[in-house]
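Guided by the hints, dock chain Y onto chain E, whose structure is given.
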Amino acid sequence: MNTLVWRLHRSQAYVTGAALIVLAAVLLITGIAVSGTYHDFVVGCAAAHDCGDPSPVLGRDGLITDWLLATMAIPLLFGMFWGAPLLATEFEDGTHGLAWTQGVTRGRWLSRTVAWPLLAALVWGGALAALVTWWRAPANALGFPGVRFDTGIFDIQGIMPVAYSVFAVALGIAMGTAFRRVLPAMATTLAVFTGVRFLITEFARPHYLTPASALVPIGGDNGPSGSWVLSNVTVGPGGQRYGNFTFQDEPAACRSLPPGPKEPACLAAHGFHVLITYQPAGRFWAFQGIEAAIFLVLAAALIAMTFRLVLARDA
Amino acid sequence: MNAQDAPAIRTAGLGKRYGSLWALQDCSVSVPRGRVSALVGPNGAGKTTLLKILAGLSAPSAGEAAVLGRAPGQSAEFLNSVGYLAQHVPLYKRLSAGDHLDIGARLNRHWDAGAARARLAALKIPLGRPVATLSGGQRAQVGLSLALAKRPRLLLLDEPVAALDPLARREFLTSLTGAVADGDLSVILSSHLLHDLERVCDHLILLAASRTQLVGDIDDVLATHRILVGPRRRIGEVEPGLTVIKSTQTARQTRLLARLTGPVLDPSWEVTEVGLEDIVVAYMGLEASPADGQLTEIGAAQ
Chain E
2 MNTLVWRLHR
12 SQAYVTGAAL
22 IVLAAVLLIT
32 GIAVSGTYHD
42 FVVGCAAAHD
52 CGDPSPVLGR
62 DGLITDWLLA
72 TMAIPLLFGM
82 FWGAPLLATE
92 FEDGTHGLAW
102 TQGVTRGRWL
112 SRTVAWPLLA
122 ALVWGGALAA
132 LVTWWRAPAN
142 ALGFPGVRFD
152 TGIFDIQGIM
162 PVAYSVFAVA
172 LGIAMGTAFR
182 RVLPAMATTL
192 AVFTGVRFLI
202 TEFARPHYLT
212 PASALVPIGG
222 DNGPSGSWVL
232 SNVTVGPGGQ
242 RYGNFTFQDE
252 PAACRSLPPG
262 PKEPACLAAH
272 GFHVLITYQP
282 AGRFWAFQGI
292 EAAIFLVLAA
302 ALIAMTFRLV
312 LARDA
Chain Y
31 MNAQDAPAIR
41 TAGLGKRYGS
51 LWALQDCSVS
61 VPRGRVSALV
71 GPNGAGKTTL
81 LKILAGLSAP
91 SAGEAAVLGR
101 APGQSAEFLN
111 SVGYLAQHVP
121 LYKRLSAGDH
131 LDIGARLNRH
141 WDAGAARARL
151 AALKIPLGRP
161 VATLSGGQRA
171 QVGLSLALAK
181 RPRLLLLDEP
191 VAALDPLARR
201 EFLTSLTGAV
211 ADGDLSVILS
221 SHLLHDLERV
231 CDHLILLAAS
241 RTQLVGDIDD
251 VLATHRILVG
261 PRRRIGEVEP
271 GLTVIKSTQT
281 ARQTRLLARL
291 TGPVLDPSWE
301 VTEVGLEDIV
311 VAYMGLEASP
321 ADGQLTEIGA
331 AQ
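As you go down the protein sequences, you meet chains E and Y in turn. Residue 316, in the numbering used here, is where the first sequence stops; the numbers in between run on with no holes. Residue 332, in the numbering used here, is where the second sequence stops; the numbers in between run on with no holes.
The shape of chain E in the complex, shown without the other chains (with noise of 0.2 Å):
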């Protein structure tokens, strides 16, 4: 059964295995050269008392960063290139017939046929991950660019290229299972993971945990370092909060001075503050445990689905 499903499949495995060589090299290089310079701003600004701002040291890796974030869409890859045909070509070409009669059971050829895909997809996936993860070491600490519960940045790092990686691996082969043609598996793929990784992000991620509050002053409104601020209220001096602060809330001697640092200031004089919802940087594994929880039984209710449809189903 493993023999089949290798002969079957090993070109999208060298095929695979050389585009993740190709993107390790390239991550290697530039992440060395990244945590070079990152040891020398440290310890330059250790030396200066000033770590500020980063941007001017960090920010040349733009490239590289756009590459980092163009990684969200491996798992995609997997699922439309490994996950849809997996099955859809063999009812394309009518060959689960020659499978389904060979002398091994129908659940056992696919339990072994889903197995593999599936286990390498948690494989590649780990790799991804454990390589944009250590390339992402020194912004991650710096908190820059972009700190690391931004859209884009979780998503890339951590445990989630594997959940992902798995998820829509499960779906591609669903898909194609319930389709039986291998284009059909794909667009419906591509169409499903996007929407649910969208709606997961946008409407479920916020809400994993109840987020946190405090009152901080008038444009500290970032938060604790590396946490993520889901809402602002501006808080005037009695308490009253403003769901839209206007310059007409502002207090007169406010309102009279020039935009600038300086208005800041005289708001914070006057006692005002500013009351933020967040999600501690604490809680940043916690989160990637949620996600790829609930990407995991997704990807197991996938294979349930289509284990039900193939051993019920007429060749």
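Keep in mind the hints are simulated off the structure, nothing from the lab.
Here are some of the chain Y residues that sit facing chain E, going by a computed Cβ distance under 10 Å:
# : residue
1 : Lys46
2 : Ser105
3 : Val112
4 : Pro120
5 : Leu125
Chain E residues, not near chain Y, derived (Cβ > 12 Å throughout):
# : residue
6 : Asp41
7 : Thr195
8 : Pro218
9 : Thr278
Beta carbons: idealized from backbone N, C-alpha and C, even for Gly.
Positioned in the frame of chain E, the structure of chain Y alone reads:
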């Protein structure tokens, strides 16, 4: 009945429905072991459906089937005892014949690797090239070799020669005949090329209009069917020892193709033997006018 002396196949009231359409209906057949059975019928008669049910690839909607005394299903015993070659001979396009043999060896209990390689070598079929680059005849031979290498007790072949040229067809059927002669193997072979089947088969299953119309050893079928030609007479006056399958009348003559259940007593009939092809075609015609279509009028009626 234990599995050792159970018939190769036995079905009772077997039916398969797709939506509201019956692809196979009320199919009751029993085929003894060791026969090479021709499954014939017009397109859409349910041949493929019947073979898929027997191969365990499709679940019946009605009735039951037993293959070698076992219900087709997902047991290793069943799967290892039945060989199946689907229509158009699906193979993994990018894999070579050798790959297919290696995979088959790992998936089947009673795999006969030596015989399969020897067959393909004798046919000069390259083992190393992707099967997509082989000819249709070579692919069919690879498919047959895979099915035979399982050493099945029952081999189901769905239109294996339909796409082949006459030479490849003959080679395929010769290979099949050789394999059958070698061991305890029953074969059901579907085709609409009756001429080919007659050479290799000794048993007949005739499906038409989604139902079984005729089942039996070909020798018996030939022995019990006759053409009767005699003076024109009224339809009702056909004698009791006959079941009329088809009749044609001209102004002076009545011609019948009939199944005999006893001797023909009326001396005014001129009785002649009839070939298998004419018998099969006559039965297939039954569906065209099912009510009382056993009579086709030709010429002026009185």
